[in-house]
Amino acid sequence: MIEKENPNSLNALLENYEKQKTIDAVADWEQLRKRITSDRNRRLFFNYLRNTAAILLPLFLVYQYTLYPILKKSGSIVETITVTSAPGMVTKT
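For what it's worth, our numbering labels the leading residue of the sequence shown as 364, then goes sequentially.
Quick list of simulated restraints, FRET-style, between CB atoms: (1) Glu378 / Leu407: 42 to 48 angstroms; (2) Pro370 / Trp392: 33 to 39 angstroms; (3) Asn414 / Tyr380: 50 to 56 angstroms.
It is worth saying that the hints were derived from the structure and are not from the lab.
Think of the CB as a built atom: it goes at the ideal place given N, C-alpha and C, for glycine as much as any other residue.
Required output: the full structure, derived from the provided sequences and hints.
Pasting the structure below:
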């Protein structure tokens with residue numbers, strides 16, 4: 364026995380086919396390619412930034428808490444010379 368197709372399903376298939384014909388695959392692919400490229404560039408930038416911070420942060424902390432106090436203590440002696448005609452105007456460091 365031959366079954367008759369439901370006209371509603373045929374209309375739905377026809378509408379679906381018409382919608383598929385209006386899709387511009389080239390433009391959509393180009394948009395996706397740009398998005399992938401920008402995501403990759405963003406990921407590379409943040410990886411570079413993270414690696415740079417991982418190198419510089421320990422160096423900064425070592426300098427701040429160990430080297431800077433040592434250099435500050437062993438620094439040159441500060442001399443202040445005051446001229447009697449202009450007190451406090453001329454200094455030598």
